[in-house]
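Undergrad: So the chains spell out like this:
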Amino acid sequence: MHGLINRAIQGFVRDTYGPPVWAQVMRQADLGFAEFEAMLDYDDAATYRVLAEVAQALDRPLPGILEDIGTYLVSDPRMERLRRLLRFGGDTFEEFLLTLDDLPEWARLAVPDLTLPELEIRALAPGTLRLSCVAERTGWGHVIVGMLRALADDYGALVFLEHVPAEEGREIIEIAVLESEFAAGRDFELGLRSG
Amino acid sequence: MQAGAGQGPGGDAGLPAADRQIARALEGLVPAGQAARAPEGLVPAGWLDLFCPMHLRLDPDGRISHAGPAFRKLCPGRSLVGCDLFDLLDWRRRGPAGALPDEEGMTALLAAAGEPLKLRLRAPPGTGFKGVLAADGQGGGLLNLSFGISVVEAVRDHALTSRDLAPTDLTIEMLYLVEAKTAAMEASRDLNLRLQGAKIAAEEQAFTDTLTGLKNRRAMDHVLERLTAAGVAAPFALMHLDLDYFKQVNDRLGHAAGDHVLQQVARILVEETRSGDVVARVGGDEFVIVFGNLTGRERLEQAASRIIARLEQPIPYGGKSCRVSASAGSALSGCYARPDGVQMLIDADTALYVSKRRGRGQHTFFHEELR
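For the protein sequence lines, the chains are A and B, in the order given. Sequential numbering of the first sequence, starting at 397, is according to the numbering used here. Sequential numbering of the second sequence, starting at -4, is according to the numbering used here.
Simulated from the structure, these hints should not be mistaken for lab results. Glycine residues also receive a C-beta, built at the ideal position from the N, C-alpha and C atoms. Fair warning: there could be bad hints in the mix.
[What the hints assert, rightly or not] Simulated pairs of lysine to any residue, SDA-like, Cα-Cα distance not exceeding 25 Å: (1) B/Lys176 to B/Ile195; (2) B/Lys176 to A/Asp437; (3) B/Lys351 to B/Leu340; (4) B/Lys68 to A/Glu585; (5) B/Lys176 to A/Asp426; (6) B/Lys176 to A/Gly486; (7) B/Lys176 to A/Arg403; (8) B/Lys315 to B/Arg262.
[As the list claims (entries may be wrong)] Some but not every residue of chain B turned toward chain A, in silico, with C-beta under 8 Å: (9) Val147; (10) Val150; (11) Ala154; (12) Ser157; (13) Leu170; (14) Tyr171; (15) Glu174; (16) Ala175; (17) Ala178; (18) Met180; (19) Ser183; (20) Leu186; (21) Val277.
Please construct the entire structure, taking both the sequences and the accompanying hints into account.
TA: Laid out in structure tokens, this is it:
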């Protein structure tokens, strides 16, 4: 998996649980290095190995951890850049959801060799959407649920999300947007103010 | 006679009413002198605002008769209708030809119809634009603008949102790419910095002198530490060797010649020692040889003479010949109750300077009287 994805896991563990926990995870995973590089590509097995060790070290089931990683990617101040890139997707949360189909394309525009799961969004009724997520293995859906929860907050929308595993590698997320302007949300201006 | 005259209503009769209207409107927006119809009223209100939210309609006096919604946002708090375009914007043709208009005002602008223009807001923050003008055939025209390369600053300075942009506009994608590129550059710079740090650390930890391939000072210190550790009884000799006349080679023939000489010296030192001996370059033209299990003065003396004799052979370099020699001093571990690497180096150095004082090109053993 791409270094950026591995770096996200690394950043999450390190920033949330501290460098010693990450060091322990990498020792246990025994990959021959202590940290991932953002610009390199890694074997998928390395990522699964590290995730299994994270679950072991935190003594928690993996789905909850994956969801926390998704939330971390959007809401942690150290990940502000990614939040901004995501917010380019739309002016409101619903608009953003409707562009999720294009998310892998947007990602490839920024990082040509970054492969994300295939996403397909369907609007079933006003405020009711279904996102299907297809990847080699199940798990991405949990990350996306975490990201969507944090992004809903970011937009100030009130939503209800439900993760429904289908078959291996295919996950469904049922989304109900209860109120699109529930809270103030966080600022987003197109033009980035530097300094 | 005129371009517009030939295209009668028959040409677009098959189009729906709205498309006919547009077709007729666009017909009027060809460069100056080609069409003479009065199309302004035919463009449905709002269509241009939707497609080109940064457009300005100009009357024959160069005054604005309508401004698109995005352009209005660039000039908050002022009414643009009736405003003189040339008070508002500074403009010139792009490219070397006609950087400054020959004439003034609307006449000059109309003469540049269809050409790429560069424009700038006169008021701060002086936002820059790309633009193109189409004449309406009645002395006025339609000026469409975009931010071009100043898009990042413009969007920031005027707090534009995606609602201010036409849905077909690629500005959002452009801004996204700018930020993605910045993030990627940062990640790559981080990586480079870390690699640089790792390289420096690796060099600091290295045991090899990169110029000659000999051991370096660090490696030699390790060897001496090992040989003088408590419980190690193997006797050894330490020879300190300093090149004579090396500075002259450097000064006369340059550093490349000097480097070549150092490499040849290194080769000779390796050839004249046994594989178990340690040969290190410990300074610019200073070398240390650690002879393990060798304390016979006679054999050391022979080794030193052989080395010095070989180093005195001219070393050819680039058609010239470099001549150096060497002075050496040795200390034997057997002369110490408890051999200490640092002390032995100092003593070998003392002996070396005796060799230098005696006229160079020779070898001296350290003994207590030299202290």
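Undergrad: None of the hints should be skipped; say for each whether it holds.
TA: Comparing the hints with the structure gives:
1. With a CA separation close to 28 Å, the supplied pair lysine 176 of chain B and isoleucine 195 of chain B exceeds the 25 Å bound.
2. A hinted pair counts as satisfied when its Cα atoms are at most 25 Å apart, and lysine 176 of chain B with aspartate 437 of chain A qualifies at roughly 18 Å.
3. Proposed proximity of lysine 351 of chain B and leucine 340 of chain B is supported: the alpha carbons are some 16 Å apart, at most 25 Å.
4. As the CA atoms of lysine 68 of chain B and glutamate 585 of chain A are separated by approximately 15 Å, the hinted pair is consistent with the 25 Å bound.
5. Of the supplied pair hints, the one linking lysine 176 of chain B and aspartate 426 of chain A is violated, its CA atoms being roughly 33 Å apart against a limit of 25 Å.
6. About 20 Å separates the Cα atoms of lysine 176 of chain B and glycine 486 of chain A, which keeps this hinted pair within 25 Å; it holds.
7. This hinted pair checks out: lysine 176 of chain B and arginine 403 of chain A have alpha carbons roughly 18 Å apart, not beyond 25 Å.
8. The hinted pair formed by lysine 315 of chain B and arginine 262 of chain B meets the criterion: a straight-line CA distance of about 20 Å does not exceed 25 Å.
9. Using the Cβ-Cβ criterion of 8 Å, the hint placing valine 147 of chain B at the interface with chain A is satisfied: the shortest such distance is roughly 6 Å.
10. Because the closest C-beta pair between valine 150 of chain B and chain A is about 4 Å apart, less than 8 Å, the hint holds.
11. Look at alanine 154 of chain B: its Cβ gets to within about 6 Å of chain A, closer than 8 Å, so that hint holds up.
12. Nearest Cβ of chain A to the Cβ of serine 157 of chain B: about 6 Å, under the 8 Å cut. The hint holds.
13. Proximity of leucine 170 of chain B to chain A holds as hinted, the smallest CB-CB distance being about 6 Å (cut-off 8 Å).
14. The beta carbon of tyrosine 171 of chain B is positioned within 8 Å of a beta carbon in chain A (closest approach about 5 Å), and the interface hint is therefore held.
15. A distance limit of 8 Å between C-beta atoms decides the matter here; for glutamate 174 of chain B the minimum to chain A is near 6 Å, and the interface restraint holds.
16. At its closest, the beta carbon of alanine 175 of chain B sits 3 Å from a beta carbon of chain A; the interface hint therefore holds under the 8 Å criterion.
17. Given the 8 Å rule on beta carbons, the hint for alanine 178 of chain B holds: about 5 Å separates it from the nearest Cβ of chain A.
18. Interface restraint check: methionine 180 of chain B against chain A, minimum CB-CB distance 11 Å, threshold 8 Å, status violated.
19. Annotation: interface hint on serine 183 of chain B holds; nearest CB of chain A at approximately 6 Å, less than 8 Å.
20. Because the smallest distance between the Cβ of leucine 186 of chain B and any Cβ of chain A comes to about 6 Å, under 8 Å, the interface hint for this residue holds.
21. Hint status for valine 277 of chain B: violated, given a least beta-carbon distance of 34 Å to chain A, over 8 Å.
In summary, the numbered hints that this structure violates are 1, 5, 18, 21.
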